[in-house]
Amino acid sequence: MASEKTESTFQDYLQHHLQNLVYGKLPAGYERENKDGTVEVLTNDTWTFAYNKSEVAEMGFWAFHVDTLFFSLLLGGIFLFFFTRAAKNFSLYKPTKLQTFIEMLVDFVNGVVKGTFKTGKNTLIAPMALTIFVWVLLMNLMDLVPVDLIPYPAELLGVPYLKVVPTTDLNLTAALALSVFCLYLFFSIREKGFIGFIKSITLHPFGPWMLPANLFVEVIDMLAKPLSLALRLYGNLYAGEMIFLLIAGMVAWQLSVTGIVFGVFGTMLSLIWAIFHILIVVLQAFIFMMLTVVYMNMAHEKFEQH
Amino acid sequence: MEVEAAKFIGAGIMFGLAAIGAGVGAGVLSSKLIESIARQPELEDQLRPTYFLGIGLVDAVPMISVGLAFYVLFVA
Chain A
12 MASEKTESTF QDYLQHHLQN LVYGKLPAGY ERENKDGTVE VLTNDTWTFA
62 YNKSEVAEMG FWAFHVDTLF FSLLLGGIFL FFFTRAAKNF SLYKPTKLQT
112 FIEMLVDFVN GVVKGTFKTG KNTLIAPMAL TIFVWVLLMN LMDLVPVDLI
162 PYPAELLGVP YLKVVPTTDL NLTAALALSV FCLYLFFSIR EKGFIGFIKS
212 ITLHPFGPWM LPANLFVEVI DMLAKPLSLA LRLYGNLYAG EMIFLLIAGM
262 VAWQLSVTGI VFGVFGTMLS LIWAIFHILI VVLQAFIFMM LTVVYMNMAH
312 EKFEQH
Chain B
8 MEVEAAKFIG AGIMFGLAAI GAGVGAGVLS SKLIESIARQ PELEDQLRPT
58 YFLGIGLVDA VPMISVGLAF YVLFVA
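As given, the protein sequences belong to chains A and B, one line each in that order.
For this note's numbering, add 11 to where a residue sits in the first sequence, where the first one is 1.
For this note's numbering, add 7 to where a residue sits in the second sequence, where the first one is 1.
Chain B extracted, bound-state conformation (with noise of 0.2 Å):
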């Protein structure tokens, strides 16, 4: 296989794989946060900071791994 397919088959993967796993782990929280504001609403200003920082923490990975794949796609 060519050098330059490899590269966008790789970073085409990087960037799906990045995706799903961001939204899987936003979507969880999110859906979680609502059902607690459901369930409890005056706790919602103790739930917000926490949400923030798991939603921090999530998104850390694939925008790691996004940075990556731009970085396969045109630097290395």
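Bound-form chain A, shown alone (with noise of 0.2 Å):
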């Protein structure tokens, strides 16, 4: 267990396991800490890791996270070779175990988008869904590897910080609502032209005469549908990962005291907690592809009188 060498306390472990990798740059002149207590005084600005917490805070905003990053990337690139691979093996009559999977999967996202998507014509949507929904579902399936499988090892290698799951970092589902977004906008004036989506933001609910109060109502609409999709998937998975991390917690600080007890009573615990969490794990990656799909038929919306 990681528990005796950094870190001190159950909340030391907790703060610990919940910082992600931050790649950035440290300001001239920081007071940089060495891992055997010297003190060294940066001539100039320094792109690096950062060490602790002081210095993830001294990095601002122009700092990559590069174990989210790395962990999506890698999912992603597991994604394409699968799917890639089953597509250009394909055969009709002696189809594989992988083939018959996708299948079932692109079957699945094929009805889901024939059901919902009934506005107009794209055929963009159905691979997006797809993608989204294959990809999310990767990602958040690192939710369920033990919280200290990967991390650890790392620590031992000298990463500092590691945060295996890429879908409990809100810059990652940020980008995807925001991706999400643009798409929207994007097939919004695409459709209805600019002056009909100029249209359907002000002339709405209310009718021409209450201009303001339409535009305002319609922007906080459209502002709500990438900010509920991002925070949703977060929360959702941060709070799984949170519960993962105080049941390890509490096998790893109890070991050393009350003996084997208490592991076997985490364990099960955590594994009682991961089969509940499965079903979390779809459920999430199966309503971001939804509502995606379900706000670009809402994108192909034509313009209606009132």
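Think of the hints as simulated: they come from the structure by calculation, not from any bench.
Across the chosen pairs, the derived CB separations fall in these ranges:
id, chain 1, residue 1, chain 2, residue 2, range
1, A, Phe287, B, Gly34, 14 to 22 Å
2, A, Gly207, B, Glu51, 38 to 46 Å
3, A, Lys210, B, Gly34, 37 to 45 Å
4, B, Thr57, A, Lys99, 31 to 39 Å
5, B, Glu51, A, Glu114, 20 to 28 Å
6, A, Leu234, B, Val10, 29 to 37 Å
7, A, Thr130, B, Met8, 53 to 61 Å
8, B, Ile44, A, Gln22, 45 to 53 Å
9, B, Ala13, A, Phe92, 46 to 54 Å
10, A, Lys313, B, Leu54, 27 to 35 Å
11, B, Asp52, A, Glu229, 32 to 40 Å
12, A, Lys105, B, Ile44, 34 to 42 Å
13, A, Ile206, B, Gly34, 41 to 49 Å
14, B, Val35, A, Gly207, 31 to 39 Å
Where chain A lies over chain B, by a calculated footprint (3+ residues, C-beta under 8 Å):
id, region
15, 59-66
16, 73-82
Anything over 10 Å on all C-beta distances counts as not near chain A; from chain B, calculated:
id, residue
17, Glu11
18, Ala13
19, Gly32
20, Ser38
21, Arg46
22, Leu50
A quick note: this is a predicted structure, and the numbers were derived from the prediction, not measured.
Glycine is no exception: its CB is placed at the ideal position from the N, C-alpha and C atoms.
Reassemble the complex: the two chains are provided individually, in unrelated frames, and hints are given to aid placement.
Here it is in structure tokens:
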């Protein structure tokens, strides 16, 4: 367990596991504390990994969460690899198990899109829904990997922080939601025309005489979409990860005190929560996809006279 | 009041309200699902995905609240 070396308390253990691996710029003149306790004053701006909280705070906005980027791109690569391979080795008479599984996924997403997306004709929606569903599902599934399995060996190799679930990082979910939102705006303007788009956000619920009120309502409605999309996914996965960490931290903390009983108890708890969490993991991926399709459907709605 | 005590009270309220909200929401949804299936059993396959979507939407906000409550309790 990771509790002996750097984590001195339960809270430190939690905070350590809730911190991303950050790569950013430390400004010149920053007093950097080395591992052996010596203080080194930086002479010029340095791009480096953050080794503690104050360094993360010092790096500010323009800092990269390397672990999020790495794991999300890795999972995206895995997704593309398997799907491309299945598509290349496609066989009508001798389907492999992989092909059957992927066909099931494609069929499922196809059914959802056909059932929900009815206002327009757009062949991009279904592939996008499939991509979002599988990618988010894969990223969520990283939550079922035991919390110390990857970060602890990485820590021994000298990586100060590591969060393996990309969707527990608000940056990633917000990026996904923003991309969906941009597509929503793009398709809205393409389908309705610029004038039609302006009309749809200014003339809507109350008629042309209440233009400012209409604009206010519609803009809030529009901004709520990416916000709720991002926060829902992030919040669910973050809460789930938090509970895994609490269970793991409890075990790690009690193991030295009360012996093996707590270990068994904690493992059982972890298992139960993991089984329950499978539901949330799949459901949240599904909801993200579903809402994306619903928003795209709204984007393709033609302006109606009221 | 001491900060520790306030933390526990705050987290308790968050847990409690989240549980109430999720319970009421999921209860209403499930009861309506059962009613609709009892009326029109042939619609079950169409109702179930919508039901799960609804459950997911209901489930989300309380889960966020629980996560934040743990955050308040142990991390902040």
